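Based on the sequences and whatever the hints tell you, model everything.
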Amino acid sequence: MAPPTSARPGWSRRAQYSLFFSFLAAIGLLLAGLGLLALNVAKPQLFAPVRGVALDVTAPVTGLLRSIGDTVGGLVSGAGNYWDAARQNGRLREENVGLRRQALQARAILLENAQLKAALALREKSSVAVATGRIVGSSLESERRFAILSAGSGDGVAVGMPVRAADGLVGRIVDVGATAARVLLVSDRANIVPARLLRGGQAVIATGRGDGTVDVRPLEVGRNPFRRGDVIATSGTGGLYPPNVPIARIIRLDDDGAIAVPLADPARASFAIVEQPFNENALPPPAPEEAAR
Amino acid sequence: MVRSALGRPNPLDRRPKRLAPFIPALSVAAASLLPLAPVVAEVGWLPDTGFLLLLAWRLLRGDAIPAWWAAPLGLWNDLVLGLPLGLSVATWTAAMIILDLSDRRTMWRDYWLEWLLAAALLALAELARRQVDAAMGAHYELAALLPSMALAVLTFPLAAWIANRLDRWRLGR
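Protein sequences, first through last, are from chains A and B.
Okay, so the first sequence: first residue is 1381 according to this note's numbering, each after it adds one.
Okay, so the second sequence: first residue is 170 according to this note's numbering, each after it adds one.
Keep in mind the hints are simulated off the structure, nothing from the lab.
Keep in mind the model is a prediction, meaning the values are calculated, not measured.
Every residue gets a Cβ at the ideal spot worked out from N, C-alpha and C, and that includes glycine.
Heads up, none of these hints are tricks.
Heads up, incomplete: computed chain B residues facing chain A, CB under 8 Å, no partners named:
| hint | residue |
| --- | --- |
| 1 | Ala206 |
| 2 | Val212 |
| 3 | Pro216 |
| 4 | Ala236 |
| 5 | Ala240 |
| 6 | Leu254 |
| 7 | Leu256 |
| 8 | Val258 |
| 9 | Thr262 |
| 10 | Ala263 |
| 11 | Arg298 |
| 12 | Asp302 |
| 13 | Ala304 |
| 14 | Met305 |
| 15 | Ala307 |
| 16 | His308 |
So, in structure tokens, the structure goes:
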């Protein structure tokens, strides 16, 4: 059936006008929203202050809830560790001896490496930690992968800085408030990290897949160089990420690349370190995603 | 006569709450905060809870939330969740206008039809977000949307139930 020609709520002029104007207002606001969205897509930096303030307001709530959850979780898992303490202790002691030997070996290699680099007069900056923060939350409602870090511009954090945890690379800063920052995780679709295979040193590119894994492709087309269990690390190309930070471990091969899981699981690595970009020139964005596209 | 202090309230005393006209909008704003839960997950399959509750309210009562209120609520959702600014403003207002227009078309309304409408709007909103994400440099294939879409559609009855309970509470029924 055809719709009625008018949506009159009755004979009241006031009711008719208010319905009409609310309809007009809705359409006007829809257009305003589209305009805002277009502006935001074209120039994301324009709204950086607004996003920063919103981040500052919401992050402490999440942080507080997270610390309560961590305390409860810690009590439970702490009690669990006592359960099998004797055997655990023995195993850890064995592991400790093995690791100490490896550490001695590594120290010798480090020394030799330093001497060789000095001989080559290779200039290299050591990475500088800007701030340390807790990862308090992540984007649960979107296919994009962001995490909230509890350190902001007050701690010296700026947009574009790389973020790493003890286990490996976490991502880079995209939004910054005074006390909190938003991190684009390695597993996000927009995060493209120049990397290399630790075994053999072949240059590869790691792109997030949005579901917690990373897609790894070799730069040169050819035989698939990956094997299950291989670890990839940043290569330092592009100047944003410092070299030799482990990124991910290969879990599955496909026809010309592989799927890997990030080594620094942001759900477990509760602390993250924000570092200076490896090369200062990398800071003002053109972000690597634009460079790679 | 002694009256029990903890007895059942007199049914004749029941009346709408003082903030009754604003409770729907406030509940939507509160629902937007839900994904701020301190969970760090590797997948983002949680539905857009604010949008779910907005649809539930709109389908329950045409006048609970005026159509243009969707814009400020959407802006709040964008700011709180860190979505591209304007995305929820546009999708939420568009959903309200679509529902206003469809109200003039539909001859009857039952639960299944409401669920179908909500599912269609939720799917459209997810597709719009995919387009915007792609424009901002994060392309993902359609299949990546399916789990979150399915979860949103399956959660809608829960949102409808919550809106219904809140409605009865705010009106003092």
